[in-house]
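Please construct the entire structure, taking both the sequences and the accompanying hints into account.
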Amino acid sequence: MTEMKDMLGRPATAMEAELLDVHARLLHLAQRTDLPPCVASGSEAALALTWQMANDLGFAVDGSAR
Amino acid sequence: MNPSPFWNPKVESLTRPELDALQVAKLRRAVRHAVERSPFHRRKLEAAGVTGECIRSLADLRRIPFTTREEWMSCQASTPLFGDLLAHPREKAIRYHLTSGTSGKNPLRVLDSRRDWQWIAECWAVGFWGFGVRPADTVFFAFSYGSFIGFWGAHYACEKIGALTLASGNMPTDMRVRQILEMGVTTVCATPTYALRLAQSAAEQGLDIKGSAVNKVIVSGEPAGSIPETKRLIEEAWGAKVADTAGMTELGTICMFECSHQPGGMHIIEDHFLEEVLDPETGMPVAYGERGERVVTSFGREMIPVLRYRTRDLVERVPAARCGCGRVYDIYAGGILGRVDDMLLIRGTNVYPRAIESIVRSHPEIDEFQIVVAKANDIDEITLRVELKPGTADGWPALEKQLHFDLKEAHEMLRFNVERAADGSLPRFELKARRVVDQRKKS
Numbered sequence: 000m001t002e003m004k005d006m007l008g009r010p011a012t013a014m015e016a017e018l019l020d021v022h023a024r025l026l027h028l029a030q031r032t033d034l035p036p037c038v039a040s041g042s043e044a045a046l047a048l049t050w051q052m053a054n055d056l057g058f059a060v061d062g063s064a065r
Numbered sequence: 000m001n002p003s004p005f006w007n008p009k010v011e012s013l014t015r016p017e018l019d020a021l022q023v024a025k026l027r028r029a030v031r032h033a034v035e036r037s038p039f040h041r042r043k044l045e046a047a048g049v050t051g052e053c054i055r056s057l058a059d060l061r062r063i064p065f066t067t068r069e070e071w072m073s074c075q076a077s078t079p080l081f082g083d084l085l086a087h088p089r090e091k092a093i094r095y096h097l098t099s100g101t102s103g104k105n106p107l108r109v110l111d112s113r114r115d116w117q118w119i120a121e122c123w124a125v126g127f128w129g130f131g132v133r134p135a136d137t138v139f140f141a142f143s144y145g146s147f148i149g150f151w152g153a154h155y156a157c158e159k160i161g162a163l164t165l166a167s168g169n170m171p172t173d174m175r176v177r178q179i180l181e182m183g184v185t186t187v188c189a190t191p192t193y194a195l196r197l198a199q200s201a202a203e204q205g206l207d208i209k210g211s212a213v214n215k216v217i218v219s220g221e222p223a224g225s226i227p228e229t230k231r232l233i234e235e236a237w238g239a240k241v242a243d244t245a246g247m248t249e250l251g252t253i254c255m256f257e258c259s260h261q262p263g264g265m266h267i268i269e270d271h272f273l274e275e276v277l278d279p280e281t282g283m284p285v286a287y288g289e290r291g292e293r294v295v296t297s298f299g300r301e302m303i304p305v306l307r308y309r310t311r312d313l314v315e316r317v318p319a320a321r322c323g324c325g326r327v328y329d330i331y332a333g334g335i336l337g338r339v340d341d342m343l344l345i346r347g348t349n350v351y352p353r354a355i356e357s358i359v360r361s362h363p364e365i366d367e368f369q370i371v372v373a374k375a376n377d378i379d380e381i382t383l384r385v386e387l388k389p390g391t392a393d394g395w396p397a398l399e400k401q402l403h404f405d406l407k408e409a410h411e412m413l414r415f416n417v418e419r420a421a422d423g424s425l426p427r428f429e430l431k432a433r434r435v436v437d438q439r440k441k442s
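Just so you know, the sequences run in chain order V and L. Taken in order, the first sequence gives residues 0 to 65; the numbers are from numbering that gives the first Met the number 0. Taken in order, the second sequence gives residues 0 to 442; the numbers are from numbering that gives the first Met the number 0.
Just to be clear, a hint being listed does not mean it is correct.
Claimed, not checked - Heads up, simulated EDC-like pairs for lysine to aspartate or glutamate below, C-alpha to C-alpha not over 16 Å straight-line: (1) L/Lys209 to L/Glu181; (2) L/Lys159 to V/Glu15; (3) V/Lys4 to L/Glu17; (4) L/Lys209 to L/Glu234; (5) L/Lys9 to L/Asp19; (6) L/Lys240 to L/Glu228; (7) L/Lys407 to L/Glu418; (8) L/Lys43 to L/Glu69; (9) L/Lys388 to L/Asp422; (10) L/Lys9 to V/Glu15; (11) L/Lys9 to V/Asp55; (12) L/Lys374 to L/Asp437.
It is worth saying that the hints were derived from the structure and are not from the lab.
Here you go:
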C-alpha cells in the first residue's frame, strides 16, 4: 500500500489521496505481463507523470513498474 | 484560468524549516537510490561510509564526497560510452544528449529515462509558470533541437503547461522573425545573444518587433541573461520583459529561474535540487552574500544520479526574502556570475568576461564583440574587438576613447587595446556564445 503521509509526515489531503490511488492502480496495471504494447508503454508513460505529480507534492512513491 | 502564481503552491509556499525537512527526506532517498543502483556512486559512498540511513540532517550532506566533471569524463573513458554511472540499464532510457563542450573538454554523454524526461520538463515548468507563461501563451523556441539539451525540456514544459509551442528547428533567422510576427507569439526563448540577433534581423527586414505581441523573452545558456546592461538591451529591443534561467546538461534541466517579480537574480528550485555555495579552494561553505562555487545535488535524476557535483559556476546566494513573490526558494543574486575557470589573468590583473560584456552592452551602438588575448614580446595583451551597428560609425572615435577609459577604470588601470572590426566579420552565435579567444593557449 502507498504511504498516505507526505515526506513531512502530513496526512494526504483528499486530492492527494486520489492521486496516490491512481498512481498505485497504474503501477499495478503496468506490472502485468500480458499487456499489449500500446497499453504497456502507455501505462509506463502515465506512471512517469503520476510519479512526477506525487513527487512534486512530497510523496515518496515508486516511479516505474520495471 | 488557474489563478495560482506558483506552479506548485504546496511546496513553493513552505516555510524554511519545512523545506529543509523535505530536502533531508529527499536527500536520504537520493543517496539510497545511488547506493543501490549506480556502481560509480556505490563505490564512492561505500568508501566514505555513507548510506541513505546516515542522512538525518542537512549537515550530513557534507559526508557525501564531491563529484567532478573530470571523474565523470574519466569514468566514461574507461567504460565507454556511459561509464558505470548509470542507475538503470540503457534500455530504460528514452533520450540521449551531450554537453555543449563549452569548456573545450570532451563532451559528457547523458541518458534520460521517461521519469527523467518528466522531471526535466517539470523543473522548466516551475520557472516558466513563475515568470508568467500560461496556457493562452504562444511560445517560440529559437533553438535547433540537436543533441545539445538546450531548450528541449522547456519545449516539453510549455506543452505541459498547455501553451501553443512552436519549434523553429533549423529555420534561418529572418524566417524565425517572420513566424514570430505571423503567429502572434507572446513568449520567445533564446540565448541572450541570439535574442539580440533576432531583434537585429527584424530591424534589417523593416519589421516592428517592439510593437509585436511578444511580452516575454526567456533566455538561457549564457550568464548574459543576468547582466543588467545586456538584459536592458534585449528588453528595449523587444519591448518585453526578460527572464533568465540557468541549468546544466549534466542535470538536463534548469536549477534556477527568474520569477515575474524580477528580483535581480534567480530563485533556486530547492525541492528538486540541494544547492551549496562553497569556497572553491577549501570546499568550505560561504555565508549568504559571499561569492563561491555552486555545488549541486539532484533529487529528480533517475538514470544518472548527481550528488554534490562541482559545477565551477560562481554565485552569491541571498535569502528568499530579497524577492517579494513569497516563494520559499532562495536566490542567486545576479544569476551565474562567471566560472571558477573563466577568469583571465592579464599582467597580474583578474579579468572576467562578464565584466567586459557589462561595459560593452552599456553602449548600444555596439553590435557584436570579441575578446582576444595574446602574447606580444612575452607580455600578455588583451584586445576588445567591436563591430558597430549600421549608421553609427561617425561616433567611433568618441566610443573608442570611452571604452578605453571604462575598461581601464574597471580593471585596476589595466590597459586594453580597442579595435573596430569590419562589419559582419565577428562570429554570430545561436547557442552559447564563445567570445573569448585566448591565443596564449595555442602557444
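Compare the structure with the hints numbered earlier in the document and write down the numbers of the violated ones, lowest to highest. Structure breaks hint 2 only.
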